[in-house]
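Student: For this one, chain A is given, so just place chain B on it according to the hints.
Keeping their order, the protein sequence lines are chains A and B.
So the first sequence is numbered by UniProt numbering: it starts at 1 and just counts up by one.
So the second sequence is numbered by UniProt numbering: it starts at 1 and just counts up by one.
Source of the hints: derived by calculation from the structure; they are not laboratory data.
Treat the hints loosely; a few may be bogus.
Listed next, the stretches of chain A that the computed footprint assigns to chain B, with coverage defined by at least 3 CB atoms under 8 Å from CB atoms of chain B [said to hold, decoys possible]:
(1) 23-30
(2) 177-184
(3) 220-232
Note that the coordinates shown come from a computational prediction; the quantities given were computed from them, not determined experimentally.
C-beta: ideal position from N, C-alpha, C; glycine also.
Chain residues, written in single-letter form:
Protein chains: 2
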Amino acid sequence: MGKQFIKDYQVTYYDCDAKSRMKLSTLLNVVIYFSGIQSEDLNRSDEYVHSLGVTWVVTNHEIEIKRLPKKKEKIVVITEAKSYNRYFCYRDFTVQTADGEELVVVHSTFALMDIESRKMASVTEEFLAPYESEKTKKINRPLNISLEKVDYERDYPVRFSELDVNHHVNNAKYIDWLLDVLGYDFLIAHTPRKLSMRYVREIEEGTIVKSTAQVEGLETKHQISVDGVLHTEALIEWRRENEI
Amino acid sequence: MGKQFIKDYQVTYYDCDAKSRMKLSTLLNVVIYFSGIQSEDLNRSDEYVHSLGVTWVVTNHEIEIKRLPKKKEKIVVITEAKSYNRYFCYRDFTVQTADGEELVVVHSTFALMDIESRKMASVTEEFLAPYESEKTKKINRPLNISLEKVDYERDYPVRFSELDVNHHVNNAKYIDWLLDVLGYDFLIAHTPRKLSMRYVREIEEGTIVKSTAQVEGLETKHQISVDGVLHTEALIEWRRENEI
Numbered sequence: 001m002g003k004q005f006i007k008d009y010q011v012t013y014y015d016c017d018a019k020s021r022m023k024l025s026t027l028l029n030v031v032i033y034f035s036g037i038q039s040e041d042l043n044r045s046d047e048y049v050h051s052l053g054v055t056w057v058v059t060n061h062e063i064e065i066k067r068l069p070k071k072k073e074k075i076v077v078i079t080e081a082k083s084y085n086r087y088f089c090y091r092d093f094t095v096q097t098a099d100g101e102e103l104v105v106v107h108s109t110f111a112l113m114d115i116e117s118r119k120m121a122s123v124t125e126e127f128l129a130p131y132e133s134e135k136t137k138k139i140n141r142p143l144n145i146s147l148e149k150v151d152y153e154r155d156y157p158v159r160f161s162e163l164d165v166n167h168h169v170n171n172a173k174y175i176d177w178l179l180d181v182l183g184y185d186f187l188i189a190h191t192p193r194k195l196s197m198r199y200v201r202e203i204e205e206g207t208i209v210k211s212t213a214q215v216e217g218l219e220t221k222h223q224i225s226v227d228g229v230l231h232t233e234a235l236i237e238w239r240r241e242n243e244i
Numbered sequence: 001m002g003k004q005f006i007k008d009y010q011v012t013y014y015d016c017d018a019k020s021r022m023k024l025s026t027l028l029n030v031v032i033y034f035s036g037i038q039s040e041d042l043n044r045s046d047e048y049v050h051s052l053g054v055t056w057v058v059t060n061h062e063i064e065i066k067r068l069p070k071k072k073e074k075i076v077v078i079t080e081a082k083s084y085n086r087y088f089c090y091r092d093f094t095v096q097t098a099d100g101e102e103l104v105v106v107h108s109t110f111a112l113m114d115i116e117s118r119k120m121a122s123v124t125e126e127f128l129a130p131y132e133s134e135k136t137k138k139i140n141r142p143l144n145i146s147l148e149k150v151d152y153e154r155d156y157p158v159r160f161s162e163l164d165v166n167h168h169v170n171n172a173k174y175i176d177w178l179l180d181v182l183g184y185d186f187l188i189a190h191t192p193r194k195l196s197m198r199y200v201r202e203i204e205e206g207t208i209v210k211s212t213a214q215v216e217g218l219e220t221k222h223q224i225s226v227d228g229v230l231h232t233e234a235l236i237e238w239r240r241e242n243e244i
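The shape of chain A in the complex, shown without the other chains (with noise of 0.2 Å):
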């Protein structure tokens, strides 16, 4: 078990979807930047790590949603990096509701990138002494996605406002394409009820984002892909809104 970190949120009405309850981008945004104000705790914030010539990046997210935060609830975030071997670190996120009830867990994978030649380095045990994670022989099975057909598709110029500071597009906005390719009527009527989620490539400025879902019954397989080359799968579990 890794050293745990608390923080609590309030949600707030811009972090709202047309249901009031928090956007999935914004909840991983949240937890994403709290995982950060650990690492700075621990003295391996991103200056010192790019120091080291490495930075890290997100390859996975597996999100299990009991609910959705609403509007103006206050919510409490436990995150924890949990193990690790040689390339993978696996962090787990809880959002919680102030009484300790559980509404969302997110598995995360992170790899360190070199930043000159952008390959996967490795992790040191050093590096990762203050976190206090377990080695693990495990790998996660990483995702594997095939879309048999195109029940969906919709095109999505990057706007400046998706850069991040590294001048790619901030990686939750990748939620945003994923949900709203399906449009509106499925995604009022529906919720997520877990989201498997693999980075292949980061997507920069100037591009065009084409967006892909094949829908079977309950379940979504999604593909963003950019001139034909996949940057990112996933495929998520819905309920029906009316059996919440």
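Tutor: Chain B only, in chain A's frame:
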């Protein structure tokens, strides 16, 4: 002078653009959120306001920018409902550094709209009393833009993630469309010094928004329309990044 309300805020990485500065749209979300907290403190919550059959709408913002807050910067937001007349309420926001250096000032105009008839409702002294605003006869001159030519134009289909709890587009979002149409090269090389905008009509789900702009040196004129009908207009004065 109205009753002041003061709140601290720390700028997150996901609040920032490619230049590591707080997005103007996010800044507007944050300050408007704080005015809502003041209203709750004064027993004028949205729920109370809606129970009277009316709702607040923003009609204008005038934003003066000395410098945009930076990533991780701790800022202080000071707001007060300054003055009012029969139909309009004028509220100011000042964004400062922790040391009291003024960064951004926002002059906003609010009105009350009847929820049923969608017409402007008059503002009563009893309703406004807790804010301690001054009564004024002055009505701020409304912005009135006309584009002689269109230098930039782009369509923005409204996304599900852009809708707020009222199923309209969150009006801070409009700023991203105003800016984005100018393109990456312009936005990297310039930063806004002053932005005036007027909201004419709300934007709903399922619409395609057209953002158009005319550039005259360091001034840009903007219109946001749906099916040829004007929804918002704006005037932006810029400074070159290398002149900051």
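Student: All hints, please: hold or fail.
Tutor: Results for each hint:
Proximity of the region 23-30 of chain A to chain B, defined as three or more residues with a beta carbon under 8 Å from a beta carbon of that chain, is established by the 3 residues found. Counting residues of the region 177-184 of chain A whose C-beta lies closer than 8 Å to any C-beta of chain B gives 4; at least three are required, and the coverage claim holds. Given as covered by chain B, the region 220-232 of chain A fails the check, having 0 residues with a CB less than 8 Å from a CB of that chain where 3 are the minimum.
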